[in-house]
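Student: Sequence order for the protein chains is A and B. When you read off a place in the first sequence, starting at 1, and then add 11, the result is the number in my numbering. When you read off a place in the second sequence, starting at 1, and then add 2, the result is the number in my numbering.
Among the chain A residues that face chain B by a calculated CB cut under 10 Å, a handful are: (1) C27; (2) L35; (3) V36; (4) G38; (5) G48; (6) N75; (7) S114.
Quick list of in silico lysine-lysine cross-link-like pairs, DSSO-like style, CA-CA up to 27 Å: (8) B:K82 to A:K40; (9) B:K26 to B:K81; (10) B:K134 to A:K67; (11) B:K26 to B:K82; (12) B:K26 to A:K45; (13) A:K40 to B:K81; (14) B:K82 to A:K45; (15) B:K81 to A:K45; (16) B:K26 to A:K40.
Please keep in mind that the hints were generated in silico from the structure rather than gathered at the bench. The structure displayed is predicted, hence computed values, not measured ones. Don't be surprised by glycine CBs; every beta carbon is placed ideally from N, CA and C.
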Amino acid sequence: MISSTIGIWNYWIVFCLMMIGLFLVIGRKNFLKKIVGLAIFQTSVFLLYITFGKIKGGTPPILNESIDTIYSNPLPHVLILTAIVVGVATTALGLSLVLRINSEYGSIEEDDVSSQDLLDYHDDIETGKNLGLKFKK
Amino acid sequence: MISELLINAFLVTIMLSIAIALIKTRTVIFTVILTSAYSLVAALMFITLDAVDVAFTEASVGAGISTILFLAAMAYLPKKEEESISSEVIPALSCIILGGILIWCSFDLPEIGQLTAPIHQHIAPEYIRGSKEDIGIPNIVTSVLASYRGYDTFGETIVVFTAGVAVLALLEKKNTTKKNKSQPKQEIRKNA
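Excised from the complex, chain B in its bound form:
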């Protein structure tokens, strides 16, 4: 069992180095590629943590579609990130303090993989039993997703639909107002 945990520890360390590289890089294309790699390593992590459904969703949606969206948006955006004028000390400090508090709290969390942890006591055994006897689908994740928590999936569909409508509204407005609105603004600025 310790080898399994060691593989986990190794993979999360890779993720950490990718994240640090993300902080350092200022080129947009590297940022997009590193984000994609991050999602892919996360998908590997999910496989070692027994979440196979999550792994292939993350690999296809997180590493695939997100990357395509980023690349499509990148075509219209500046290719380099500017060095910011204001200092980054306060955000960094607050993040470090918050992270320290979280790590301090982690000593109270149950160790990874313990069967006695509270999360495994409540409703999960019921789902595992019911999936076989009540619903008859061998994949427990599917039966919970589509049957026990079907309303969650319905809400998810609504969220995705709303986001799609919002994206359409935002991108359509770009074409109509571009000629009318941005011209006078620049003229005023030249006069000033």
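If we strip away everything but chain A, and leave its shape as in the complex, we get:
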């Protein structure tokens, strides 16, 4: 009983971690926190993949001389190596977007940004500026 509970305990925690990451992305209004949530989500998915590749009593997948060695599955490791580097690229892109938003709006809170957008839109309607352009699009 205990062994089987521990056997899937990792999965449960990994799912909880994923959901915390997702909550940070969709629940928090701060853009930096959203990117942190994305990073948490990513790392949790990595953990899930690596957990799949584990074999009880296995060794890291580096060849040695003895014949009856069990190696853990190398394929998830390769996929995740690629994903880690891509993840950092995503983080860098997201952070530069946040910096750009901050320089344009002076805030990185979603509520502020969308209220300023709404204000601009009403200004445009009142002054008649850019109106044709908006409807054409």
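We have chain A; now place chain B onto it with these hints.
Tutor: Just chain B, lined up with the frame of chain A:
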């Protein structure tokens, strides 16, 4: 073998507490530090799960470079996170429901570490055999990464290059348009 699983369970529990602390904190510097700690504990997890290559990549890239990027961006951003006006009940509820469904499904997953799990049957034994006989590199991960799945690595390089170009384009535009564009916007707002 049970001790190995217990160490795993202990480490993931630490990760869970770090994640909960991340939800609670509203200071940006704590957020960055906690993210770095999260990556580092994840790297420890990878070592206990036999993924040594992934562990040192995560420790250097995930905990190192990401943290540097966050700190560099933090210098230009507000240091405190504002309490949001809108309620967080609906996002929290949907996350809990989705997590519940995932945990319910996890009873159908194979137990951790079983040799009979489907993932270990298909192509991995072929890679382990071929790494020695066809390619001759002792580190199987390297031979799969650079030889069997070389196109994946090529695609990864393209993605990183594209991201780099996009970051340059975004950050360069900041300097040129700042003076021209943001001034009139504020004037209109003052008039309104």
